[in-house]
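So the sequences go chain by chain: A and B.
For the first sequence, the numbering used here assigns the number 1 to the initial residue and increments by one for each residue that follows.
For the second sequence, the numbering used here assigns the number 313 to the initial residue and increments by one for each residue that follows.
It is possible that part of the hints are untrue.
[To be verified] Partner residues are not named here, just some residues of chain A that face chain B (Cβ under 10 Å, in silico):
id, residue
1, Phe35
2, Pro47
3, Gln63
4, Arg72
5, Thr74
6, Ala143
7, Leu146
8, Glu149
9, Leu150
10, Pro203
11, Asp211
12, Glu219
13, Val280
14, Leu309
[Claimed, not checked] Computed list of chain B residues with no C-beta within reach of chain A, every gap over 10 Å:
id, residue
15, Ala317
16, Pro381
17, Leu397
18, Arg418
19, Pro563
FYI, nobody ran anything at the bench for these hints, they're computed from the structure.
Values in this document were obtained by computation on a predicted structure and should not be read as measured data.
Here a beta-carbon is modelled for each residue, glycine too, at the ideal position from N, C-alpha and C.
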Amino acid sequence: MKDVPHLDPVTAIAVVGAVLGVGAYATAVIRATAFASLAGHRVRPAPLLRRPAAEAWSLVTQQPVSTERPDRATWVLAPAAYVGLAAAAVSVVPLAPGLVVADVATGIVVFGAAEALAIVAIFLHGWSPNSPLALISAFRFVAVALSYELLSMFVLIAAALPAESLSLGAIVESQAGLWNVVRQPLGLPLFLIVALGVTSSGPLAVVDSADLSGGGGIEDSGAQRLAWAVARAAMLVAFSAAAAAVFLGGWQGPLLPGGAWMLAKTATVLVGLVVAGERVARISPERIVRLSWSVLLPLAFVDLVVAGLGSL
Amino acid sequence: MAVRAPRFPVPVAAAIGAGAWGPVQELRACDELRLVTTPRHATVLLVAGDVPAEHRQALDRVHDQLPHPRAVVSWTAGQDSSSVLGAAVTGDVDAVVTAVVEAHRRVTTDPSSSTPDRRPDVEPNEWRGVGPFGQGGEGMMGGTPYGRAMAMTGDDRDGLALDQLHLTLGPFLDPLPPGMVMDVTLQGEVLQEVDLRLPPIGGAPFPDDLGADDTSAPARRGLRWLAHALHVQGLDADAARAARLAGRCRPGVDLVPPFRALRRRLRWTGLRWSLRGVGSIDGAGDAAGRWDARLDQIDAGLAGDPVGGALPSAVSWGALPDVLEGLTLTDAVTTLVSFDLAAQPATHGSPR
Numbered sequence: 001m002k003d004v005p006h007l008d009p010v011t012a013i014a015v016v017g018a019v020l021g022v023g024a025y026a027t028a029v030i031r032a033t034a035f036a037s038l039a040g041h042r043v044r045p046a047p048l049l050r051r052p053a054a055e056a057w058s059l060v061t062q063q064p065v066s067t068e069r070p071d072r073a074t075w076v077l078a079p080a081a082y083v084g085l086a087a088a089a090v091s092v093v094p095l096a097p098g099l100v101v102a103d104v105a106t107g108i109v110v111f112g113a114a115e116a117l118a119i120v121a122i123f124l125h126g127w128s129p130n131s132p133l134a135l136i137s138a139f140r141f142v143a144v145a146l147s148y149e150l151l152s153m154f155v156l157i158a159a160a161l162p163a164e165s166l167s168l169g170a171i172v173e174s175q176a177g178l179w180n181v182v183r184q185p186l187g188l189p190l191f192l193i194v195a196l197g198v199t200s201s202g203p204l205a206v207v208d209s210a211d212l213s214g215g216g217g218i219e220d221s222g223a224q225r226l227a228w229a230v231a232r233a234a235m236l237v238a239f240s241a242a243a244a245a246v247f248l249g250g251w252q253g254p255l256l257p258g259g260a261w262m263l264a265k266t267a268t269v270l271v272g273l274v275v276a277g278e279r280v281a282r283i284s285p286e287r288i289v290r291l292s293w294s295v296l297l298p299l300a301f302v303d304l305v306v307a308g309l310g311s312l
Numbered sequence: 313m314a315v316r317a318p319r320f321p322v323p324v325a326a327a328i329g330a331g332a333w334g335p336v337q338e339l340r341a342c343d344e345l346r347l348v349t350t351p352r353h354a355t356v357l358l359v360a361g362d363v364p365a366e367h368r369q370a371l372d373r374v375h376d377q378l379p380h381p382r383a384v385v386s387w388t389a390g391q392d393s394s395s396v397l398g399a400a401v402t403g404d405v406d407a408v409v410t411a412v413v414e415a416h417r418r419v420t421t422d423p424s425s426s427t428p429d430r431r432p433d434v435e436p437n438e439w440r441g442v443g444p445f446g447q448g449g450e451g452m453m454g455g456t457p458y459g460r461a462m463a464m465t466g467d468d469r470d471g472l473a474l475d476q477l478h479l480t481l482g483p484f485l486d487p488l489p490p491g492m493v494m495d496v497t498l499q500g501e502v503l504q505e506v507d508l509r510l511p512p513i514g515g516a517p518f519p520d521d522l523g524a525d526d527t528s529a530p531a532r533r534g535l536r537w538l539a540h541a542l543h544v545q546g547l548d549a550d551a552a553r554a555a556r557l558a559g560r561c562r563p564g565v566d567l568v569p570p571f572r573a574l575r576r577r578l579r580w581t582g583l584r585w586s587l588r589g590v591g592s593i594d595g596a597g598d599a600a601g602r603w604d605a606r607l608d609q610i611d612a613g614l615a616g617d618p619v620g621g622a623l624p625s626a627v628s629w630g631a632l633p634d635v636l637e638g639l640t641l642t643d644a645v646t647t648l649v650s651f652d653l654a655a656q657p658a659t660h661g662s663p664r
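For reference, chain A alone in the conformation it holds in the complex (with noise of 0.2 Å):
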């Protein structure tokens, strides 16, 4: 068997780290002025700049108010189990020409393990404090995930089949003449669907939604709440690298070094993201499932046609 290519654990732990660290604290910097901005706020960057971090800190002093009989183990494990679930995507994106903390042959099916499990660290979240409308938006969001969750496995798939492997580096390498987005126009707009549904915003906002008052992080406060927020923000930020990776290009671009195209890349695609999940408003379950299944899913299919015939 040949030899995966991978970084040594210490520096692995701390790229990854650093990538979702950075990458969520961004992350709070931009929602923050996509807020001002799109409410009409003055934006002032140094204030906002500073504001994730008081926000933080204020929540680390903050008490920790528990619910009658919650899951306590649960409670504190779904938050981790999120962010480390991130980890793992994470890992298998190519962050610059030969920087990838996992170069796996099989990336894509990593990156979709990942993601297909955060079904059960958002359930365990709503579960856990043993409070009735954090529980319905548990198992109201496993009921929706499904639908939009298949998206992403057909897209990959599809952005596989011109690189021949299921490997993330060979599908950024196969896109030196011709990005994915333009390739198989139908991808990007599927996979930024399932971001904003795995993140549980904008549209897809079924979990943290207003109309079940807070849902999933209604009895979450101090640090429980400052982990769950942080985890959901790492996860956008894997959405967003691996997204930039799949389908535009990841690291390959003129002049500027490799790791500087992937990251404007992701961060461009993070600000979409964020700015899709203040701009548009919530579905309603039932119509999401419906959605899902009668256009966006026979649009994925559209998709691995175009991706299989162009592969021939």
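Based on these hints, arrange chain B on the given structure of chain A.
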């Protein structure tokens, strides 16, 4: 503003009493604070308006759910401050923002000033020890351990047996009109039974200038409704814009262009599509239709040409359970919001 801007928007949970629902919605325009959907996310509890006696215990429970350090600000109309929690403030939105920011700053710099629990930390009901597992019911299901009903299977709308979840929603649940209490039975997310126990708290709006002779009053009420409704549909940034328009709404101020700009913005949010076909009622259309009617009404009001006729909120209180039963919880909330019960409590009929 007298106080320094906070380093992040102060998370505020609002418990709303008589007449205060509308004014509280205007707080959505403020950069200094953020109305949160649950007391667990807040550092300041804003008790706005007089909370009737039947809701005092619920108010105490909401208070105790705020994590330490926490503070309370009461926004009152000014006449009676004997039953008020925390620091009382009278006046307009700016005065409230100043008081909230100040309360947040005080309690975060001196956590020992955090308000103590108002209810004892005990089980709300005793363990009764009925049946083989102690909770009553059958086997490990059903029963009412500690006074709360546990899930038990029942026939659902498709003739299958599915767990039933019994819940009480309200009186201080963010998406619902303040004071409204509903006992519901859910199977999955579908409301199988709805019992309305208490109607929304009425009362004359305060602190305000929405007198009968104020020609801008209908439009301002409409904009306050819009701010809350947009928030519930997940569009908080647009809610802030609507709230700002509500705050600027005065006779002689021309808000027609900014309001129309806001309506154009809403076209790109998919809002109308998400409302279409939800909560259809004979003679009252669906949620999208009621929103349109409401937005047209605001537009006409701002243009100084208030249209007459019934508000789209004209559903009789007694008919509500029939409207809500069979809907998913999400659609029930969307339907309730489209009726604007908070600003215009529909008082015909009585809770059944």
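Self-check item: Evaluation of the interface hint that places Leu309/A against chain B, nearest CB under 10 Å
Solution: Violated. Min distance 32 Å.
Quiz item: Close enough to count: is the Cβ of Leu150/A nearer than 10 Å to one in chain B?
Solution: 21 Å, violated
Practice problem: Verify that the Cβ of Pro381/B lies farther than 10 Å from every Cβ atom of chain A, and report whether the claim holds or is violated. | Solution: 7 Å, violated
Quiz prompt | Interface restraint verdict for Arg72/A against chain B (beta-carbon cut-off 10 Å) | solution = At about 16 Å, which exceeds the 10 Å cut-off, the nearest Cβ of chain B leaves the hint on Arg72/A violated.
Quiz prompt | Interface hint for Pro47/A, Cβ within 10 Å of any Cβ on chain B | solution = 7 Å, holds
Quiz item: Once the shortest beta carbon distance from Thr74/A to chain B is found, is it less than 10 Å?
Solution: Hint on Thr74/A: violated, closest Cβ of chain B at ~18 Å, above 10 Å.
Practice problem: Mind verifying the non-interface call on Leu397/B? Its CB should be farther than 10 Å from each CB in chain A. | Solution: 19 Å, holds
Quiz prompt | chain B contact restraint for Glu219/A - C-beta distance below 10 Å | solution = 6 Å, holds
Quiz item: With d taken as the least Cβ-Cβ distance between Ala317/B and chain A, does d exceed 10 Å?
Solution: The assertion about Ala317/B is violated, with a minimum of 8 Å to chain A.
Quiz item: Was the hint right that Phe35/A lines chain B, CB cutoff 10 Å?
Solution: Hint on Phe35/A: holds, closest Cβ of chain B at ~5 Å, below 10 Å.
Quiz item: Hint check: is the beta carbon of Asp211/A less than 10 Å from a beta carbon of chain B?
Solution: Hint holds; Asp211/A Cβ to chain B Cβ min 4 Å, cut 10 Å.
Self-check item: Status of the Leu146/A interface restraint (C-beta, 10 Å, chain B)
Solution: Violated, because the Cβ-Cβ distance from Leu146/A to chain B comes to roughly 15 Å (cut-off 10 Å).
In summary, the structure is inconsistent with hints 4, 5, 7, 8, 9, 14, 15 and 16 from the numbered list given earlier, while agreeing with the others.
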